Structure formats: C-alpha cells, structure tokens
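So the chains spell out like this:
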Amino acid sequence: MDILRSIYEVTGFIVLIALGVAALEGYFYYHFKFHDRSWFFPAALLAFPALALAVSAAVTGGFQPRLWSWFLMAELLVLAGFKYAVKGRHTVPYLLLAPAFVGLALLLVYPFVFEVYLSFHDLKLTTIMMWKNTGKIPFAGLDQYVKVFTTSPLSEVSFWALLGRTLLWTFSNVFFHVAGGFALALLLNNAIRFKGFYRTLLVIPWAMPQVVAVLAMRGEFHSQNGFVNIILSKLTAAFPFLASMGIGPVQWLSDYPLLTCTIINVWLGIPFMMVVILGGLQSISSSYYDAADIDGASYFQKLRFITLPLIKPVLMPAVTLGTVWTFNNINVIYLVTGQAGGTEQADILVSALYKAAFTYNRYSYSAAFAIVVFALLFFISVTYLHGFDAAKEER
Amino acid sequence: MSEKDAIERRRTVKYLLIHAVIILAAAICVYPLLRIFSVSLRPGDKLFSTDLSLIPDGATFKAYASLLKDTMFLRWLWNSLLITLATSFIGVSLASTAAYAFSRFRFPGKKAGLILLLSSQMIPAGMLILPLFLMIMKLKLMNTYLGMIIAYSVSSLPFSIWILKGYYDTIPRSLEEAALVDGTSQVGAFWRIILPLSTPALSIAFLFNFTTAWNEYLVARVVLFSSKQYTWTLGLFELQGQYITQWGMFAAGSMLVTIPVLAVFLYSSKWLISGLTLGSVKG
Amino acid sequence: MASVQFKGIVKKFKDNLVLNGVDVDIKDHEFVVIVGPSGCGKTTLLRMLAGLEDITGGDILIDGLRVNELHPSKRQIAMVFQDYALYPHMTVEENMSFALRLRKTDKAEIGARVDEAANILQLQKFLKRMPKQLSGGQRQRVAIGRAIVRKPKVFLFDEPLSNLDAKLREEMRVEIAKLYQRLNATIIYVTHDQVEAMTLAGRIVIMNHGIIQQVGSPIEVYRKPANLFVAGFIGSPTMNFMHGKLALDGEHLRFSSGDIKLTIPPYLLHDPKKHDGREVTVGVRPDDVLVGRTADGCSDKVDGVLEVCELLGHRENLYIKVGETRLLATVEAFFDRSPGSAVQVCFNYKNMHVFDKVTEKRISE
Numbered sequence: 001m002d003i004l005r006s007i008y009e010v011t012g013f014i015v016l017i018a019l020g021v022a023a024l025e026g027y028f029y030y031h032f033k034f035h036d037r038s039w040f041f042p043a044a045l046l047a048f049p050a051l052a053l054a055v056s057a058a059v060t061g062g063f064q065p066r067l068w069s070w071f072l073m074a075e076l077l078v079l080a081g082f083k084y085a086v087k088g089r090h091t092v093p094y095l096l097l098a099p100a101f102v103g104l105a106l107l108l109v110y111p112f113v114f115e116v117y118l119s120f121h122d123l124k125l126t127t128i129m130m131w132k133n134t135g136k137i138p139f140a141g142l143d144q145y146v147k148v149f150t151t152s153p154l155s156e157v158s159f160w161a162l163l164g165r166t167l168l169w170t171f172s173n174v175f176f177h178v179a180g181g182f183a184l185a186l187l188l189n190n191a192i193r194f195k196g197f198y199r200t201l202l203v204i205p206w207a208m209p210q211v212v213a214v215l216a217m218r219g220e221f222h223s224q225n226g227f228v229n230i231i232l233s234k235l236t237a238a239f240p241f242l243a244s245m246g247i248g249p250v251q252w253l254s255d256y257p258l259l260t261c262t263i264i265n266v267w268l269g270i271p272f273m274m275v276v277i278l279g280g281l282q283s284i285s286s287s288y289y290d291a292a293d294i295d296g297a298s299y300f301q302k303l304r305f306i307t308l309p310l311i312k313p314v315l316m317p318a319v320t321l322g323t324v325w326t327f328n329n330i331n332v333i334y335l336v337t338g339q340a341g342g343t344e345q346a347d348i349l350v351s352a353l354y355k356a357a358f359t360y361n362r363y364s365y366s367a368a369f370a371i372v373v374f375a376l377l378f379f380i381s382v383t384y385l386h387g388f389d390a391a392k393e394e395r
Numbered sequence: 001m002s003e004k005d006a007i008e009r010r011r012t013v014k015y016l017l018i019h020a021v022i023i024l025a026a027a028i029c030v031y032p033l034l035r036i037f038s039v040s041l042r043p044g045d046k047l048f049s050t051d052l053s054l055i056p057d058g059a060t061f062k063a064y065a066s067l068l069k070d071t072m073f074l075r076w077l078w079n080s081l082l083i084t085l086a087t088s089f090i091g092v093s094l095a096s097t098a099a100y101a102f103s104r105f106r107f108p109g110k111k112a113g114l115i116l117l118l119s120s121q122m123i124p125a126g127m128l129i130l131p132l133f134l135m136i137m138k139l140k141l142m143n144t145y146l147g148m149i150i151a152y153s154v155s156s157l158p159f160s161i162w163i164l165k166g167y168y169d170t171i172p173r174s175l176e177e178a179a180l181v182d183g184t185s186q187v188g189a190f191w192r193i194i195l196p197l198s199t200p201a202l203s204i205a206f207l208f209n210f211t212t213a214w215n216e217y218l219v220a221r222v223v224l225f226s227s228k229q230y231t232w233t234l235g236l237f238e239l240q241g242q243y244i245t246q247w248g249m250f251a252a253g254s255m256l257v258t259i260p261v262l263a264v265f266l267y268s269s270k271w272l273i274s275g276l277t278l279g280s281v282k283g
Numbered sequence: 001m002a003s004v005q006f007k008g009i010v011k012k013f014k015d016n017l018v019l020n021g022v023d024v025d026i027k028d029h030e031f032v033v034i035v036g037p038s039g040c041g042k043t044t045l046l047r048m049l050a051g052l053e054d055i056t057g058g059d060i061l062i063d064g065l066r067v068n069e070l071h072p073s074k075r076q077i078a079m080v081f082q083d084y085a086l087y088p089h090m091t092v093e094e095n096m097s098f099a100l101r102l103r104k105t106d107k108a109e110i111g112a113r114v115d116e117a118a119n120i121l122q123l124q125k126f127l128k129r130m131p132k133q134l135s136g137g138q139r140q141r142v143a144i145g146r147a148i149v150r151k152p153k154v155f156l157f158d159e160p161l162s163n164l165d166a167k168l169r170e171e172m173r174v175e176i177a178k179l180y181q182r183l184n185a186t187i188i189y190v191t192h193d194q195v196e197a198m199t200l201a202g203r204i205v206i207m208n209h210g211i212i213q214q215v216g217s218p219i220e221v222y223r224k225p226a227n228l229f230v231a232g233f234i235g236s237p238t239m240n241f242m243h244g245k246l247a248l249d250g251e252h253l254r255f256s257s258g259d260i261k262l263t264i265p266p267y268l269l270h271d272p273k274k275h276d277g278r279e280v281t282v283g284v285r286p287d288d289v290l291v292g293r294t295a296d297g298c299s300d301k302v303d304g305v306l307e308v309c310e311l312l313g314h315r316e317n318l319y320i321k322v323g324e325t326r327l328l329a330t331v332e333a334f335f336d337r338s339p340g341s342a343v344q345v346c347f348n349y350k351n352m353h354v355f356d357k358v359t360e361k362r363i364s365e
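Protein sequences, first through last, are from chains U, L and X. If you read the first sequence in this note's numbering, its first letter stands for residue 1, the second for the next number, and so on. If you read the second sequence in this note's numbering, its first letter stands for residue 1, the second for the next number, and so on. If you read the third sequence in this note's numbering, its first letter stands for residue 1, the second for the next number, and so on.
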C-alpha cells in the first residue's frame, strides 16, 4: 500500500511539474505573440497576476497580498522585458530555455540570494520557530561576518586554521590524484595484455557508490579490526626493527583523522584522473613518438616534450574540476569523522560549514561563513582562469 | 644474436615490472570491496576477527537474510529509486531542451546564460543545502519524497546542459534543414530528428543525474528524519553508525547496492568517459 | 513543374554583404547550374530559395507566387544536401517516405512512390538498410530518391557530388543527366566545379562576390566569356592571359606585351581608332596556342622557350616562356622537343578574347 501511495505521490508531482511547464510555455507564448498590441499591456498586467493569485489561493487556501504584489511586479518586469528587450524575436530559443532557467532561478539563484539575506540576519535554534510562524528574523547587520573571523565555527578550531587546512587538503589531494593518475595511465598506455581488465579493476573506487566506498575504507582504518592496522602489526611482528623506527598500529581515526581522510580521498580520486589522462594519451598520434625516436629522444625527453604539452588541454580542465571538487568535498570528511561528538581535527571549510548549520544549528552564522567561502573560491577560480586564459593565448 | 637476446630480456623484465605495478595498484583498488564481501559472509560471532582470508570459515548468508528481514533496507532502496528516477527524469527533460537552445540558436543573453551555468559549478555544494532546507521546511515538505526531489532536481542541470550541448553541436545542421524541407516545424525537427539521435548523450546525462542523486547523502541527512523515509545512504550510515554491532549487515547492504551500480557503471563507462571528455575538452 | 524568379536578392550577415542584387529568371523544365568559387554566395542563394535562410532584400517567386515568408515545406521544393543529410536513425525506406508520412499521405500511395523512386535509382535492394551501411554513391542516390518521392516543383542540388571520389562523381553526373531527361523537372544545381556545370547545365549562372557575372548556355559562356573572371573560371586548363597595350599602327591595331607583339585583326575589334592606347588583357585558351605550326587566321609568330612538357596521354601540356610571360599550350601528344629548346608560337585569332584592363569587361566580338 505504501508503495502504491509513494508512486502515486511522485507521479502526481511530475504531472504537476509538467502542467507548470505547459503553463509557463503558454504564458511566454502569448507574450511573444501579442507583446506589441496596444491592449496587451494592461490586459496582461491584470490577467496573469490575477490568474496566478487564483491558483495560489486555491493551493494555500487564502488571499495573500504580498504574493499578489510579487506577481504584479514580476509581470511588469516581464512585460517591460518583452516591450524593450526581446521585442518578440527569438521565440523558439527562449521557449526552449524557459523551464530550465525558471528551475535554476527557483532552486539555485533564489537559494543563493536567500543565503545572502540570512547572513545579515540572526537565524538560530532559538529564532527558527519565530521565523517559521511569522517569517521574521532579527536583523544582525555585519555581526555574523565579524563572528566568522573571530569565533570558532565549531567548538574550538578557528577560521584561519580551517583555511590553512583546506588549502593543504586541496593541494595534497589534487597533487596525488594527478601524480597517481598519470603514473597509472602511462603504465596502462603500453601495449600489454589484460589492459581492459586492469582498467576495469582500477576504476572500481570511482565506480562504487561513494558512501559505501568511504564507509568501507573507514572500516579498514579501524584501530583493531581495520585491515591497515592488522597489516602494520603483522609487519612489526615479522620485522621488529620497524617497530623501533616508530612504525606500528595507530589510532587512525582519532589520532590522525586528516591523514586518514586524505589517504581515503586519494584512493577515491585517482581513477578519475587516470581515465581522463588515459583518454588524452590515447588521442596522441603515435607518429609524434616515431618522429621523436628518429630524432633520438629518450623516454623522459619524449614524456617532457611530447606527452606533457599534448596532454595539457585534457589535463587542465580535469585539474580545475578536481580542485573545485576537492575544495568542496564534504562527503569524505563528514562520513569519516562522523557527526556530533566527532573530532574536529579533520574538518575543512566546507565540512565545518555543514556542521555549523546542521550539528550546531547556527544557521545565519553558517550562511555568512558560506558567503565568505564562496567569495574565496570565486576569487581563486577567477585568478586561476585568468592565468589559464593567458597561458592559452601564449600558445 | 646475443644483443638481440639482451633486448628481448630487457623487454620481458619491463613487461613483468609493468604488470607487477598495475596488479599491486589494482589490488589496492579492489581490496576494500572484497573485504566488504568477506565481512558480509562472516558468521555473527566472528565479525571482529582479525582474519584476512576472503572467504571466512563458516561462511553464511545470514547477514543478508537478517538485513532484508529485520531492517527496512528494501524500503530504503525503494525510496532512493523513486526519488532518483523522478529527479533524473525532470533534470534530463529540462536539460535536453535548454541545451538545444544553446547549441542551435543565437539570441541575446546566450553568453550570460552559459556563464551562469559555468559559475554555478563554483558554488560550494554545502552552501545551498541550508537555504534549500529552510525552503523545504517552509513548504512543509520535510521528510517527504517531494522535498528530496525538489532539492535534487536542478543540482545536475548545468552539467547535463553542458554535456548535451556538446553532443548536439556534433550533429550536422543539415539534418534539421532536411527535416524542415520535408515538412516539420523547428520543434518537430528537434523532437523527431535530434532527440532520437542523441540517445547516447541523453543516457549519459541520465546516468550522471542518476548517480549523483543515488549516492547523495548530505541533503538526505537534513531533510529526512524518520527511518521509514530514509534513502539507502542514510540507512547504511545508520547501520555502521555509532553501534558497531551491525557491521555484518552493513557489509551485506553495501554489497547489495554496490553490485548493480558497479555493473551499470562498468557497462557504460566508455560512454560516460567520452561524455566527460566531450563536456570538458570541447567547452 | 514551375518557374523560379529571383528579383533583386540581397543578403547580409551582420555587416557582411553576401548577395548584392541577384536577378535570375529560371524557366519551367530548365536545368540551371549556379557555379562560382567558394564564398561567392551561390549556396546562400539556394538556401534562400529553400527557405532555410532569411531574405534581407528582394523577392523570390515560384510559379509567380512570392514565397519569401513561406515555410520550406510549403514551397514545393526538394533539396539534396552536400552531406546528403540522411537521417541516421531511419532506414532508407523511412528516409524516403519521411516527408510523405509527415503529410499523412495514405500508405498505398507512399509505398507506390517509394517503389517508383527506388526503381529509377536502383535502390530496391537497400530499402531496409540504414544509411550507415551504404557506400557514398548509394547514399547519394538515397538523397536524390528522397527528393524524387515528394514530386516537387523544383529540385535543388547543393554541391551534391563534392563528397564523392573522381570516378563515382563522373558516374553520378551521368545519372543526374539521365534523371533530368526522365523527370523533365526544373532543377537548380549549385557547384564549384565548372566541369559539372558545363556537362549538366542547360544554362549556367556564374557568380562571384555575390554578383552574377554571366548567364548563358555552356557554349556561350565558353566561347564568349563576358569578363575576365568568367574567362578564367570556365574551361580547363585555364585560359592564358597577356596584359598589354593597344596602339594604332597605320590601319591596324597592334597589341604589345613585353616581347609579344601581335596584330589585332579588325573582325576582332571593330573601329580600331576607338581603341588606340587602351590597356587591355588578351586571353587565349591553351588549345588555341599553336606551337611550331600555323593555321588559317593565325597571328604573327612569337619566339619562346620550352620550359616543361607534361604528357597527358593523347594530349601534351607545354609550358612556354615568352619574354616575361608564361604561356600554356595544349597540343597533340608526342611533341618531340626537349625542355630548353626554342619554339615558335602563334595564336588562333578566331578564339582570341580581348578584355578591358580596368573594367575587366569583354570588348572583342
């Protein structure tokens, strides 16, 4: 019964969305068709907000003057847009784009703006009920931003420590991803047997559901039952001199959480880089290597002067993506260090942000924190892309 | 002759070395999966042994049985499947038309739209969870499928649009022109010619949407709170969670969700990779 | 079948003028080839007729009906694309019947028409295949078949043979000629290959820089090119050009270009006095450059040096340097002289062309 009801619920929702899309298309279609008629401006200004209001009244069960004024303003904007900017041209592309961009506006742009709004107010566990019932939150000005730099997002670690840790985390991960991926891709790019089979095995960490992969790896780092410590203790038993060098089983999860997370994430991330680089390597025509052989280049010279420059157009976007992904990687850290009561020693900016919001319930604080992190990432990306463009033009 | 032998020997050594390194790397990649498998087969009293053998003594499927019987694992899978299918369907439909507009038409705002898509990739994933969570709360959709679908549906949209645009760009325009001469409208040409031809790219986009939503954990964590509504990621985390007693069931559940995903992934990996390179390189 | 008229067609892409006032009248049942170098606007003109390109200025009429704003499918035309544009996800049969199915023609009629077209093009065996499984020539035939099935008023061909290899191209050229005789339709055919134009056309339209250079039958444009561009574009190998000046010497006009001095007979240029002192370009096709022999109506002899010989089989190309001018002569095979030797050259007056240097227009008869 439950299953039937869930199917019914979801299909109903999809039908609702389809109806919404149809309404949207119809709405824009009539704007395209009649935007230049003299009667259309006042008629549309009356008809569409009234219609929207009727629908919203039916759904929410009551007249809402604020909603009405929003609709009125939106309609005015759309009308003005058609009269002065679009002028009824380019009907087809705008109709094709409308659903996707309304979706993006509602679920990407609006949340973003809402986040900015939150960051200037004070929403926390004590004020959230008030917000839920009345829609009002106390104004806080720049307080949240000041707090981001002065108080700890969690219980002890400071913003600056988190920033440093994030940079270290991002850099070391991307470095090992590229180095490991490159090495494996070079090995696989030889004419060897079982190539396809090896490749299949090597992409398994990427192919596994991340939650399973991370939780499984976390198990392997368990101090007693984990594979890593079992191997370490067997090694020290067999070769006692290792123990004297300080090598032995350790409490990975509580003593070295960041290192553990890094090892796990490197394990997870190498296959993607390997696949991308392998694709790039295979697209390099072998005639370049033949020519280099005739010119008498050694293996490393070929690597340096042919492979690297030719792989760069494939590698750069992958590295850019990888950097952003690693910077934003909450999954690994959150899943490894757990939720409340977990250690803070492995947290990076984004995981602290998530924990501040949902473990410590400091909503507005985390919003301000998020804006700061976004600004940081934006700044880094823009600088980086500028450098990338400049490098592109040089070539 | 002897020189030839030396070259031959060196080549053999090189090959053996390459194989050895790759096999070691492959072992590291596969081992955790095999370990889960082995743990899932362990009888209840040996869960915490330090035994490293793959098939443990007294191997049993009891963990699987109790997982399916004593927990709501099937229900979790069903929840995940429903949410994921719905979001992928919505995401791909929206992306397919938007990508077509970007690929074939010139219109004011095209560049701005593409920049918006690209820069949306820069927004930290964790950043939008909070406002979405508050929106879903305000819409009274907490702990529902709809809340999850709303939260997921546009998350992969920019990437899907990008992939599909790249693919549409490779389809010659003359096909649509021929269709126009044959008597379709612009939209008809898209529906009857471009969409059927784009099945590979649509599958990639669908797969991408699917895996993203299927493996999602962080949003589910804050939107869903009754175990009946859990997705499998939440359920699995719960099993491993603080009470390490459920280790065997966790392993069994992991195997059950991993094997189909792995199969689909390996089957489609060639497409997926070509799609990724298409999206990134062509840019 | 139908007539087609272009009236003062103008096309602009942003600030780039692609077509500048094109006027052509194409009569019913005519096979017209539009030829010109790439970028001359010929394909744009065809696409405007098909309705695939907006018209910036002017009118296009099919059967006297203005079609400027008509949807492509309502213009009763069929088009064969350069890359064939066969729908890859449909079989040959589905490709050919697509337009009819869109128009909801009844099934029996569709079947009959597809069979008829398949018969004409010998495609019966391939009806169930996908385009991917066909060779280039077969795909070409399917593309033509798709056009035939619709029984259009006008057939448009957009460089249909340019993706085929040389041998197939010749075969298909003959096919298309046969098809024209059989269908007796109005055909407008765009190409950059002047051989196709010469062999297929009833009338040739030669375009350059968005302007029509000359319209006429193949013989007309070959024998009497209207200007320097047409003279250089039509005919293979290319016409020889000599740049020089005319001067009145007693009764006769004398042309001089470096070491080359020729008398221009009055039947070539009437009223010699009018041309005294005019800067001109004289053109002679390689066939009309006579080496080591004379004929009736031949010019004065000129001394030159043989630089290179190319044996083509039954003909031979001779590259001859006369002073600073290089001339190409095509003669009967086995011209028995080694490179470097001196040869005497004269030109056949009957096929000599004189163009004004400034306007590039033909001034000789």
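In case anyone wonders, no lab produced these hints; they're calculated from the structure. Since this is a predicted model, take the numbers as computed values, not measurements. C-beta: ideal position from N, C-alpha, C; glycine also. Check each hint, because a few of them may be wrong.
[Said to hold, decoys possible] Taking beta-carbon pairs under 10 angstroms as the criterion, some of the chain L residues facing chain X (in silico): (1) L17; (2) A20; (3) G166; (4) D169; (5) A179; (6) D182; (7) L197.
Here's how the hints hold up against the structure:
{"no.": "1", "hint": "L17", "in the structure": "violated, 43 angstroms"}
{"no.": "2", "hint": "A20", "in the structure": "violated, 43 angstroms"}
{"no.": "3", "hint": "G166", "in the structure": "violated, 18 angstroms"}
{"no.": "4", "hint": "D169", "in the structure": "violated, 16 angstroms"}
{"no.": "5", "hint": "A179", "in the structure": "holds, 8 angstroms"}
{"no.": "6", "hint": "D182", "in the structure": "holds, 4 angstroms"}
{"no.": "7", "hint": "L197", "in the structure": "holds, 6 angstroms"}
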